[in-house]
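Student: The task is simple: from the sequences and hints, build the whole structure.
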Amino acid sequence: MAKLVAGVATSHVPAIGAAIDLGKTQEPYWQPLFKGYEPAKKWIAEQKPDVIILVYNDHASAFSLEMIPTFALGCAETFAPADEGWGPRKVPVVKGHPELAWHIAQSVILDEFDLTIVNNMTVDHGLTVPLSLLFGQPQEWPCQVIPLAVNVVQYPPPTGNRCYNFGKAIRRAVDSFDQNLKVMIFGTGGMSHQLQGPRAGLINRQFDTAFLDNLTADPGKLARMPHIDYVREAGSEGIELVMWLIMRGALDEKVREVYRFYHVPASNTAVGHIILENEA
Amino acid sequence: MQGEPNPFDDIPGTTLFDAQRSRQGYHLNMFCMSLMKADNRAEFKANEAAYLLKFPMTAEQREAVLKRDWNRLIYLGGNIYFLAKLFSTDGKSFQHVAAIMTGSTQEDYAKMMLDGGRSPEGNRSKKDWDNRG
Chain A
1 MAKLVAGVAT SHVPAIGAAI DLGKTQEPYW QPLFKGYEPA KKWIAEQKPD VIILVYNDHA
61 SAFSLEMIPT FALGCAETFA PADEGWGPRK VPVVKGHPEL AWHIAQSVIL DEFDLTIVNN
121 MTVDHGLTVP LSLLFGQPQE WPCQVIPLAV NVVQYPPPTG NRCYNFGKAI RRAVDSFDQN
181 LKVMIFGTGG MSHQLQGPRA GLINRQFDTA FLDNLTADPG KLARMPHIDY VREAGSEGIE
241 LVMWLIMRGA LDEKVREVYR FYHVPASNTA VGHIILENEA
Chain B
1 MQGEPNPFDD IPGTTLFDAQ RSRQGYHLNM FCMSLMKADN RAEFKANEAA YLLKFPMTAE
61 QREAVLKRDW NRLIYLGGNI YFLAKLFSTD GKSFQHVAAI MTGSTQEDYA KMMLDGGRSP
121 EGNRSKKDWD NRG
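First to last, the sequence lines map onto chains A and B.
Residue numbers for the first sequence follow my numbering, beginning at 1 and rising by one.
Residue numbers for the second sequence follow my numbering, beginning at 1 and rising by one.
Simulated from the structure, these hints should not be mistaken for lab results.
Be a bit skeptical, because a hint or two may be false.
SDA-like, lysine to any residue: derived pairs with alpha carbons at most 20 Å apart [said to hold, decoys possible]:
| id | chain 1 | residue 1 | chain 2 | residue 2 |
| --- | --- | --- | --- | --- |
| 1 | B | Lys127 | A | Lys90 |
| 2 | B | Lys45 | A | Gly87 |
| 3 | A | Lys90 | B | Ala38 |
| 4 | B | Lys111 | A | Gln31 |
| 5 | A | Lys90 | B | Lys37 |
For clarity, every value in this text was computed on a predicted model and none was experimentally measured.
Tutor: Below, the structure is given as structure tokens:
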């Protein structure tokens, strides 16, 4: 049977992707950030997941305002990097796992989470930057990836509670998949940041630290946090953190924090990263 | 819901991209989206005003695009991820535009970020901003 072993959360700041692509990772501005991901790279190289379910948001790349799915699951064989206005990132094409993806889609829809099934979409920095952070610059990504795009651009995004429970439904789906696969789930985006208006540049270390703590200590409390608390405390784009609750919901009730990293700034953003393993 | 105060309106210097803004900004944002294609970027750069006429935007929105008045564009329904296509076409970064929106220089803004960013203290409620005079 498929086994969900761990969850990873990380910011997906586009400037991080640019720093990697342009060979700037050892520059003084970026060096501390990439150093902070070294233990995670080592960890995942040892863990060797077969499939990653990668929760992220599209930034007006695959989805414009013509169609705004709240949850969209990529069920295709492959997903090409999107051209976000300056040419696609020169990273490998993402290989999906259609069989598991379709199984998840069927399972969660019958479990009353009515997501959108996507057979053709490009993936932007929201998905490719986390892969670059964990895997560096390989010729091919070392595992298959199932993209799960969440709307956090058009208000309202799904509630934290909905995300948390959706994560639990994804877990039930993975648990019932009849193939021996080692599965991980990534929650991406965040942490505190605001990109727009006169309050741009907001960073809330205290909020971010409490959020990281409560992923292990009290995820239920995070799930009950209303949108306005995210926006007021963590900035208008800090709302992306609801996506981390999908990751958390898919893990066991009790998890072990195996790594954490926090860094300010990457461009306009507080970068947060955490690895949680199921106890069993 | 109508007639009740929107609690998000109390957050200073922040515009929520809600249903009203999305409707208001639809064509503005779809113009930005068109700049994802290299041919369109070239056409826009060759004659910005003429290119903008291809989209049924308001005169106010067109003027704000031509002036690159970023806060105005947000106010008129532009969303930052769509506007990013416009400033990327100009070869500008998120940080460049964020600095302008906060009324800062890019240098001062970058320094603020290196020093840990804008504190939430004094920036949670419009009351905080009113009190600082």
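Student: Look at each hint and say if it fits the structure.
Tutor: So, going through the hints one by one against the coordinates:
1. A threshold of 20 Å between alpha carbons decides the hint, and for Lys127 of chain B with Lys90 of chain A the separation of about 47 Å lies outside it, so the pair is violated.
2. Taking the CA atoms of Lys45 of chain B and Gly87 of chain A, the gap is near 17 Å; set against the 20 Å cutoff, the hint holds.
3. Annotation: proposed proximity of Lys90 of chain A to Ala38 of chain B holds, straight-line Cα distance about 17 Å (limit 20 Å).
4. A hinted pair counts as satisfied when its Cα atoms are at most 20 Å apart, and Lys111 of chain B with Gln31 of chain A qualifies at roughly 17 Å.
5. Restraint check for Lys90 of chain A and Lys37 of chain B: satisfied, since their Cα atoms lie roughly 17 Å apart, inside the 20 Å limit.
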